[in-house]
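Could you put together the complete structure from these sequences and hints?
Chain residues, written in single-letter form:
2 protein chains.
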Amino acid sequence: MAAPVRSVLPVVLLGCGGVGRHLLRHILSCRPLHANQGVAIRVLGVADSSSLLVADDLHSNGFDDALLADLCAAKSAGSPLSSLLSRGQCQLFNNPEARRKVIDTASVLGKTTGLVLVDCSATYDTVGMLKDAVDRGCCVVLANKKPLTCAYEDFEKLVSNFRRMRFESTVGAGLPVIASVTRIIASGDPVSRIVGSLSGTLGYVMSELEDGKRFSEVVKTAKSLGYTEPDPRDDLSGMDVARKALILARLLGQRISMENINVESLYPSEFGPDAMSTKDFLESGLVQLDKSIEERVKAASLKGNVLRYVCKIESTGCQVGLEELPKNSALGRLRGSDNVVEIYSRCYESAPLVIQGAGAGNDTTAAGVLADILDLQDLFHKTA
Amino acid sequence: MAAPVRSVLPVVLLGCGGVGRHLLRHILSCRPLHANQGVAIRVLGVADSSSLLVADDLHSNGFDDALLADLCAAKSAGSPLSSLLSRGQCQLFNNPEARRKVIDTASVLGKTTGLVLVDCSATYDTVGMLKDAVDRGCCVVLANKKPLTCAYEDFEKLVSNFRRMRFESTVGAGLPVIASVTRIIASGDPVSRIVGSLSGTLGYVMSELEDGKRFSEVVKTAKSLGYTEPDPRDDLSGMDVARKALILARLLGQRISMENINVESLYPSEFGPDAMSTKDFLESGLVQLDKSIEERVKAASLKGNVLRYVCKIESTGCQVGLEELPKNSALGRLRGSDNVVEIYSRCYESAPLVIQGAGAGNDTTAAGVLADILDLQDLFHKTA
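Residue numbers (UniProt numbering), protein chains in the order written: chain U, 1 to 384; chain S, 1 to 384.
One thing to keep in mind: the hints can contain errors.
What the hints assert, rightly or not - Here are the computed lysine to aspartate or glutamate pairs in the EDC-like style, where the Cα-Cα straight-line distance is at most 16 Å:
id	chain 1	residue 1	chain 2	residue 2
1	S	382	U	378
2	U	146	U	125
3	U	146	U	280
4	U	223	U	283
5	U	382	S	378
6	S	145	S	125
If you're looking for bench data, these hints aren't it; they were derived computationally from the structure.
Here's what the structure looks like:
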């Protein structure tokens, strides 16, 4: 039994890869649940890296559910968005017109019915669009970390109306890390320190090393299990963790940028992508790293500690890299690919607030994005 | 530098004990932080169990900060609310007029500027007022568990406009348990199971037993540390945990009441408050329980498990009592008085989402209440 619709959330989705498609499927399968709660999500447009499919009538209900299902199927099969044009009810814009059309849509809807611009891409290219949308009074929900890790001015602009902004899935996928930190800060409880293991890949690698396995073998196994990026150096560089650390540090009010973060890479620069192919790194580079990593694991173990790849955000600065930690701390106990975050504040001083769980995966990330969209519903009261 | 005020949150507080006074102090100390975010909390009234102090002009800024500070000091010193009358700007109503005045205030403000009725008492007496306030369009924030554990119809009425309702601090003080479960459900990820250790007192007792200490000694130590209620049977009965379990079960959509929860008490009924004084229980009752508890701890230990006092909410029902759990699970590893909750769903199927931290204390509970109040701000846009 559907409740009267209280809130209508018009959405334009940027990015239609694994997370974006999962989001659309979640929206479809949640229709009855959301109707029950008096909420309706209307998808008015979907963009991939080359074009934008947008509803003919922006004030309508947006794409019908059959078209959205077909869109997911088409993108999964590698077909372009243009393959949906024959269905009617939509228009296609290729870049750069696509970007202009997103801004136009934001302008038309921003001040009237409102619009949520959802970024599930993995590019820096959306920053301009997102900033323009914020200027036009739109809401923004991000799974894409990159817009929040650009210049500080961009971050500041994006969060300038903080209540119209959600980015839970940029750190720990669906884990309620950002929401919890925001709650704690809002209650006047000053967060003094955040320590986290925020890479499922590096979490897996470090706990396998603890069992005495060799670094090169563990990384290759992680790759074969699909835990790493196609080039594992994308994980081993620590840059993905550093982006999450930067987002958390900025959330705590630190006016810093990537260059202020001390990032330890798990391979030396002479083994980097500029100097060595992925194949060479996997076949001959990796094994040369075994000995030094083994020594560090052993040195930690002799002190009763374990080695973890963590981010550490304190008032004195922000660091990303290997740390020796007590075996019986929340981070030290971590096994497998779970993420874990420890938050220290006045209320959580001697023992931190700990949040742990799966911190990656398209399903989990998309679920976090959907929860973020719904969290904006009080800004979208139906006026009609 | 204060931002323009976007949201004004008028508040009437019921209950002025430890949590209520901490809340008022947090509101005062957060003034600059909230001003920065464009939010202003106006306290229009404060009630204790016998009377209500209310601002002369409901459309004003409410009590000034000096009066609120004095009010906290007066209540801490055991003075009645009437001692504030000489300050002016306020009126006093004794029960039952006080209750009627709260409803009148809700009627006046509910549909205009809105009102947040905050219940930091620990009584069933507020249920009627809260339901009337909901009927008048007010928002409700609860630290008081009891209104949510009455008849199912009362619960249903209180959450009938779910977005105007917050009750984070009823389970795990400031820990983001309710908010996380709500997020997960909203994203269409069905929660299948929640297992939690939700009593700091019983958490402490169970982890001390694991170290081979005697039950009677541990309970007496807990009492002397101020971890238990004046009569430790209030903790050992499991009823406080059962209330939290009921709230979580109802949040998952279970239409159940207290009588549907299987609650294991840690003392037999012949040692209950009706049969034995607190003094007798502490001096002679407790030691008679040592042997059976010791046997259960040992039996668990022989299987490599530990004994925990947990609540378990599944689709098949809701139980509260002792459970044998693996030593290396989130619950099994628990030491001291932290609370911990494991949430299982599609996204957190094999490994649960785990939230752990201090789950009691006036400061932490009041911080959770304040975060809840601020979370309602999008419903309170300043219209002027």
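Here is what the structure says about each hint:
1. Under the criterion of a C-alpha separation no larger than 16 Å, the hint pairing residue 382/S with residue 378/U is consistent with the structure, at around 14 Å.
2. For the proposed pair residue 146/U and residue 125/U, the alpha carbon gap of about 9 Å is at most 16 Å, so the pair holds.
3. For the suggested pair residue 146/U and residue 280/U, the alpha carbons sit about 29 Å apart, so the restraint of at most 16 Å is broken.
4. Proximity of residue 223/U to residue 283/U is assessed by CA-CA distance (about 13 Å); at most 16 Å being required, the pair is judged to hold.
5. Taken as a hint, the residue 382/U and residue 378/S pair is honoured in the structure, with Cα atoms around 14 Å apart against an allowance of 16 Å.
6. Pair hint residue 145/S plus residue 125/S holds up; C-alpha atoms about 12 Å apart against a cutoff of 16 Å.
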